[in-house]
Amino acid sequence: MVIGRGGAQETEPDKNVVARALELTKVYGEGETRVTALDDVSVDFERGRMTAIMGPSGSGKSTLMHCMAALDRPTSGQVVIDGVPVNGLRDKALTRLRRDRVGFVFQAYNLVPTLTAAENITLPLDIAGRDVDRAWYDLIVETVGLGDRLSHRPSELSGGQQQRVACARALVSRPAIVFADEPTGNLDSAASFEILDFLGRCVDEFGQSIVMVTHEPSAAAYADRVLFLADGRIVDEMVDPTAEKVLERMKGFDGRARRSAGSSTPLPVTEATVGTLDAGRRTV
Amino acid sequence: MLRLTLKGVRGHLGRFLLTLSAVTLGIAFVAGSFVLTDSLQSTFDDLIESMAEGVDVTVRSDRDANVTSDAAQPRLPLDLERSLAGVDGVTRAVPDLQGVAVLAGKDGTAVRAGGAPSIGYAYFPDDPAIELLDGRAPQGPNEVAVLTSTLDRARLAVGDTTTALIGSTPRTVTIVGEVSFDGPTAGATLTLLDRESATKAFSPDGLVPSFSVTAAPGVSPETLRDRLGAVLPAGAEAVTTKDAAEEMRKEIEDALGFVTTFLLVFAGISLFVGAFIIFNTFTMLVGQRTRELALLRAIGALRAQVLRMVLGEALVIGLIGAGLGLGLGVGLAGGLQGMLQSFGMEASGDLPVETRTVIISLVVGMLVTTISAAIPAARASRAAPVEGLRDDIVVTPKGVRVRGVIGLVKAAAGVAVLAVGLRDGTEWLLVGAGAILIVLGVLVAAPLATRPVVRLVAAPFVLLTGVVGRLARENSLRNPRRTAATATALTIGLTLMAGLSVIAESTKASVADIVANEVTADFVLESGGMVPIPPAVATEVERMTGVTAVAAISQVDLSMDGTDVWAASADPEDITSTVRVTMRSGSLRSLDDGRVLVNETLAEDNGWTLGSTVPTKVGVLDSRPLTIGGIFKDSQLVGEALVPQPLYEEAVPLPNRGSVAMLITAKDGADLAAMRADLAALVKPFLVVSVQTGEEFVDGEAAEVNQILTILYVLLALSIVIAVLGIINTLALSVLERTREIGLLRAVGLARGQLFRMITIESVATALFGAVLGAVLGLGLGIVLQRGLVEDGLEVLSIPWSQLSIVVAGAAVAGIVAAVLPAWRAVRLDVLRAVTTE
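Here the protein sequences come in this chain order: R and H.
Numbering of the first sequence is given in the numbering used here, commencing with residue 855 and proceeding in unit increments.
Numbering of the second sequence is given in the numbering used here, commencing with residue 150 and proceeding in unit increments.
Bear in mind the hints are in silico, worked out from the structure with no lab data behind them.
Where is the CB? At the ideal position from N, CA and C, for every residue including glycine.
Check the hints yourself; a few may be wrong.
Claimed, not checked - Between beta-carbon pairs, the in silico distance windows are:
no. : chain 1 : residue 1 : chain 2 : residue 2 : range
1   : H       : Ile-555   : R       : Gly-883   : 50 to 60 Å
2   : H       : Ala-866   : R       : Ser-1005  : 37 to 47 Å
3   : R       : Glu-1102  : H       : Arg-550   : 36 to 46 Å
4   : H       : Asp-979   : R       : Val-1089  : 51 to 61 Å
5   : H       : Arg-604   : R       : Gly-983   : 14 to 24 Å
6   : H       : Phe-411   : R       : Gly-983   : 21 to 31 Å
7   : H       : Ala-958   : R       : Arg-944   : 33 to 43 Å
What the hints assert, rightly or not - Facing chain R, from chain H, some residues (calculated, C-beta under 10 Å):
no. : residue
8   : Arg-622
9   : Lys-816
10  : Gly-892
11  : Ala-896
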């Protein structure tokens, strides 16, 4: 199947859905080490809204996002991005899909250190060989507030500034959907606020669709809708969340998670010390 | 700690592999050089041994230390044989009747192999070294017995008739016997005549170079030597064959020593280049393992322990690489030996691996590796425990400026030394030291040049591929030191290539220029190999219609006031009409008065002027005072000095007489084409003589430079192979370092093809940086050297632009080749795993 930019294969008539997961299952490993990271997940992400994915560690939230963003292939099930079914796409088509319809923001910023902030922002367009829409670019840069730092390299920027550059990069090609993987995970609260505020404005002012994985209730509060994952399934969702409501909901999961992980009782100090020494001796 | 070291090597074996190959290649060259020379030496030892078989004492004239060539040594009268045979304890005493004997093969051309001589001997049925395998002994001037290997090469067999040049007489001969020679011949052809014919051909003046004497059972060679010594006339001496062989062995060892030195220079270059790769690898490995090393420090490893661990890794790599290199070196020597064999040089099959070879290889391998790893190891030991916790390892290209300044200072010092070396005559030691200083200085300062040069060479790619090219360029500039170190191999290789090619091309142009100016002759007869053109040819050419002048240029062993001089002899009148000799003072005619002519350089160097009287030793004659009758402008054709023809004839024994070249001028309006055909027909029986027009001769002289150049280029190509390894190494490691970045680029839409291209361009930019730097440096050095050598005859500067651009283009191709593996690896990275990697 060849997917053109024009999207001749677009099958979704539902204009309100920007990305859709259908009976998505992802299994890692085999036999005894078999782990089901996603277990028959079906979900729609609405256009022009911010959806947060929450859940305890190992709940499958990152796997869901990676599959939705066409970075990972599900074991079974369907992913449709902006009307394009992702299954069976070859690397070239996948690359083009990511390039033209998807934007990414990572926890670790992932900027190219040899390029200036401005060059990092326009990188997806440069790679695609497309012209930069100046008005749009200026608007993003202004919104994200980087005006005087554009000619700096990433190493000369603070973490918050680097993440703002990453956000601007995700938006510059007008993707159908932006995936943000714990975008504030490495930032202090002030910088976090700036990033979340910016993402929120993108949804409100530009109608950008955003999917954000986070474990911070305060971040999830910026979303229009929160999905809660546990053990590879969507166990709950919340519309118009607040930090308090999310925190309350999460406490339930945390308790359950702790109970189910019974073996993680801390080891006695002596044993732990011996273990470390053992490990040390093994490498010495 | 030792276990950790070994684990470190095993754990990073993949990354060490390229370092290993760099060490292996360098050591292979070192070991191969030794093995090959040892093998050659043993071939010659066998040869000498077999020549001495059955011969206990050699009687010869007193060696003249001033005369280097054997042929020009004084000779002994044939009738000495009778008095030698009469000495008590002698069972056999025969003259060594030996001279030139060239056979025509089945295809009508001379049977020759490489530069090995074509030897004629007298056949003695009781000769212990020669055995008749087939047919019978030769009888009369037209019968020969021939060595099996010579027959094979000639595609002739017993019973065939062919033409031969024996002594100076061409003749038709029948092969009546096939003989074996006990021992290797090193490619020489061997033709045997009966004693009487051999005497006529090789000893027309009744003189021979030496006699071989065999002792009766029970008489020691030493006793026999002393007894013979008592009956010998003045000027003759007896030496035991053992001593004579030892003398010869020393001479050959000296000659082979040059070959070893030559090969070792290239081994040294490759090791030097390899050292940069090793340095680079360890720097990067240590960079990557900062966390691991910091952890070690955190759990209590001492700095010295970390230092020892990294150095230990280097030592292990060096040892393994040297071991592999030793094996590869033996193979390399075998290959080279095979190549020599295909050129007709019969070497003995064994490849001796002396203890010395093993020790040197292992020690050099370990030293080079540990020294190269010393700085990275020291850096590793400084890793603070806290660095283990840091997320990103920031490589700052600090110190580039400081290094640049140091390098430039060094280079400037080199320029100064070079300038002093070139002032007032050439001090080669200073010139060499200056050149090496400049190269080292530039290598040290190279990181400073990365930005401008990489920007320049990458410009076309940036234009063509936009952001892909820009990313690639910035990647090359990310760490200027690393880029420069990676490119070092190419820089050195290209410096040598460019410098040599400028010198060679200028030499070619200068030779052509000089020769073209000098030669006024219409035809030049030249002899191939070591066989001079027999004087008989000149007589016949003179008789041809349309020929106005024939100048037979003969080489003479000449020593003036103790200095060996390359001298020639020819009739002054003939010279005037075939060669343009410009007289600075005196006259060519003074040769007729028995005076000697010298060139300007020789006169200046020795302070001789017109009319100076210089004690001169010509050929086998005793030293005598000769007056300088003229000084001529340095010439390519007639050598440093010209001696009168009669003196030459007096000084050189008839069998050794012959010309190195014969210049012929035709009458105006003569039919040159017809004349050429006539000349070709005339020289055909002489087998080794070729006819060329004046222009062809000029081109041919220049082309000789090319042969030497080709060998040098082949050896230097090795540095390009090592360079490719180095680039692969650096790229592979930097792909590893940049996994997350590559993942990001792929995530935001960089297609696999684009990624492949990016890494290829990065590689090509690095390669071109090294190549351009080296080419410019080599070009500069070459031009400076040429300018300095104008006085010494290198008058024309000629820059081989096309060759240089081919070599630079070759470097770019090397870059493309080097990128394949790392790029393939990068392309195959899983996007998700790459982008989320730590």
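To see whether the hints hold, each was checked on the structure:
1. Between Ile-555/H and Gly-883/R, the C-beta spacing of about 55 Å keeps the proposed range 50 to 60 Å intact.
2. Distance hint check for Ala-866/H and Ser-1005/R: the Cβ-Cβ separation is about 45 Å, which falls inside the suggested range of 37 to 47 Å.
3. Distance hint for Glu-1102/R and Arg-550/H: a CB-CB separation of about 59 Å, inconsistent with the stated range 36 to 46 Å.
4. At roughly 29 Å, the beta carbons of Asp-979/H and Val-1089/R sit outside the given window of 51 to 61 Å.
5. For Arg-604/H paired with Gly-983/R, a C-beta distance near 22 Å keeps the hint of 14 to 24 Å intact.
6. As the Cβ distance of Phe-411/H to Gly-983/R is approximately 54 Å, the hint placing it in 21 to 31 Å is violated.
7. Roughly 35 Å separates the CB atoms of Ala-958/H and Arg-944/R, a value that falls within the hinted 33 to 43 Å.
8. A hinted interface residue such as Arg-622/H counts as satisfied when its beta carbon comes closer than 10 Å to some beta carbon of chain R; here the least separation is about 9 Å, so the hint holds.
9. Interface restraint check: Lys-816/H against chain R, minimum CB-CB distance 76 Å, threshold 10 Å, status violated.
10. The beta carbon of Gly-892/H is positioned within 10 Å of a beta carbon in chain R (closest approach about 8 Å), and the interface hint is therefore held.
11. Below 10 Å, beta-carbon pairs count as interface contacts, and Ala-896/H has one with chain R at about 5 Å; its hint therefore holds.
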